[in-house]
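Kindly generate the complete structure, drawing on both the sequences and the hints.
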Amino acid sequence: MFQEILREFNNDEADRFAAELRYVITDMICRAGSGHLGGALSLVEIMVTLYWRSMNIDPKNPKWEERDRLVLSKGHAAPVLYAVLAYRGFFPKRLLGTLNADGTTLPSHADARTVPGIDMTTGSLGQGLSAASGMALVAKKDGRKHHVFCIIGDGESNEGQNWEAALFAPHWKLDNLIAVTDYNKLQIDGFTADILDLEPLADKWKAFGWNVLEMYGHCWEDIYETIIRAKVLKNGKPAMIIAHTVKAKDCPLIENQAGSHNIKIPDQKTHDQYLTSLTGGVFPLPY
Amino acid sequence: MKLHEQELRFVYGYVLNELIAENRNIYCLEADLSKASGTNPMVLGQFPNNFINVGVAEANMIGVAAGLASEGKIPFCATFCCFATRRVYDQITLSVAYADLNVKIIGTGPGITQGPNGGTHMCFQDLAIMRAMPNMQIFSPCDAYELRQVLRYMAANKGGMYLQLLRQQLPAVFDETYQFQPNHAVTLIKGNDVTLISTGYTTHFAFKSAQELQQEGIRVELLHCPCVKPFPIEDIVSSVRKTGVVVTVENQNIIGGLGGAVCETLSEHYPVKVKRLGIPDRFGEIATEEYLFEKHGFSTEHIKNACRESVKHKN
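Each protein sequence line maps, in turn, to chains L and C. Under my numbering, think of the first position of the first sequence as 1, with each following residue one higher. Under my numbering, think of the first position of the second sequence as 1, with each following residue one higher.
Calculated directly from the structure, the hints in this document are not laboratory data. Among the clues, some could well be false.
With a Cα cut of at most 30 angstroms, we get these calculated DSSO-like pairs of lysine-lysine [to be verified]:
id: 1; chain 1: L; residue 1: Lys206; chain 2: L; residue 2: Lys185
id: 2; chain 1: L; residue 1: Lys63; chain 2: C; residue 2: Lys158
id: 3; chain 1: C; residue 1: Lys158; chain 2: L; residue 2: Lys60
Only a predicted model underlies this, so the values are computations on that prediction, with no experimental measurement involved.
Laid out in structure tokens, this is it:
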């Protein structure tokens, strides 16, 4: 449905769809009783753009060799990836209601073993950019044309392994690697500026030899065009897109608050409060 | 060329070249220790396109290997044991074992064989910590022919695997006809008095001990375990049913490694007294191997004494 709409991209329809996804993701996490809502909601527009407009994929053939890959290194944001994959047709939407349930195939952190469409298992922060670099290196060595996307968190950028990969990818001229930093300025214990300041972030990636682009991660045109710019650069350097985002976007109860990282839902009343607080409205659930 | 006349690191590079020649999906990953691993210039020279040096960045090496494996490649990642396991334990746990990816990890210079690098580089716990990781197979071959067979097994079978690579030249225990059997111990000497169990480096000393004890009339059954996980439970229990007492010897902390595996196995299946020889829960130090064997109590003399005592006090 939305796929058809995107042939003639329409901001209003896209906004409505993003609101629907936010509603479903929030409900998934509330049903589970707890979860990483803030960092999932900050990625909605970016993930929708990637999976509907930017990435070359085939939901009927998740392991298609020529597909673009995506490593969600901030694996705790898995609920947004699960929702996007289900709505894109990789697996039945009804499964979304099983997030974190006993015996589920949709665990809290992104799992390539159990979820069609996920390219790398993640969950321990700092490891995904290395894996994405390995995948991009294979594409180079095998002469394949696809891109490898990797989404890292800003708090995650504290992990030293990212900076090992930051040295590795330009050395091997991985201009088929496009990383995105979800720069929502918050990590578990507070603002990134207060806990472990990343600034000047763009200068750091530039100094490591990356093409650095910046975008507002909730603006459809900006996201779409920035990804295109990153794709066509092809100057022997990997690309880092610093996406300025809002943690827990459109969920006023917790928006832009450190507490949004992992919410606890003790009862139905709290669950309802979260759903009704979402600014995008109420939607039918697919499960 | 006779393989056993070469350093084992040479054999590692040599066999990797054989494997890459057969299957170009096999990759050699190094973290700035490629000469120490024996792959530079061996593999770099012959298959430069299959050689990836990530620099001094072991965590990234494991992650890159996971990426390669997710694309169907078979990466062999080598560095010193201490960096190959304890330094990157979480990376291996999550990006390899939990993710169920086909990554092979080669730890070089196990235990006291780190010699001149001293205590900082002597890893006595790699068998223990790697054993505790699900989805991980562990090998510690004792000579060139076994090393070659185990490497071939690792390349041919899927899954996360760890191998302890001795770097020096060592006498042949086996020959070209040796066939590696996973899940099995190798009975090097048959006997009824005491079961002596070893792996990797210590098999050479256990062998000498068992031969010398034969002269004294003590018939040692020597089991060499090239495969520490999965562990050859049946072979060990069947030997111990015969002998009733066990001595283990390893180039590792006696906690959690070979001796630990033997105790866990026997306490469940056939409880008998087990004497564990190895490093008695200490760190290493810069010293000759002779000094370290003596200090920590797992020289040939210590092995013989432990066997004598075990036989004497057997009920």
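Hint check:
| no. | hint | in the structure |
| --- | --- | --- |
| 1 | L/Lys206 to L/Lys185 | holds (20 angstroms) |
| 2 | L/Lys63 to C/Lys158 | holds (18 angstroms) |
| 3 | C/Lys158 to L/Lys60 | holds (26 angstroms) |
Violated hints are absent here; each numbered hint is respected by the structure.
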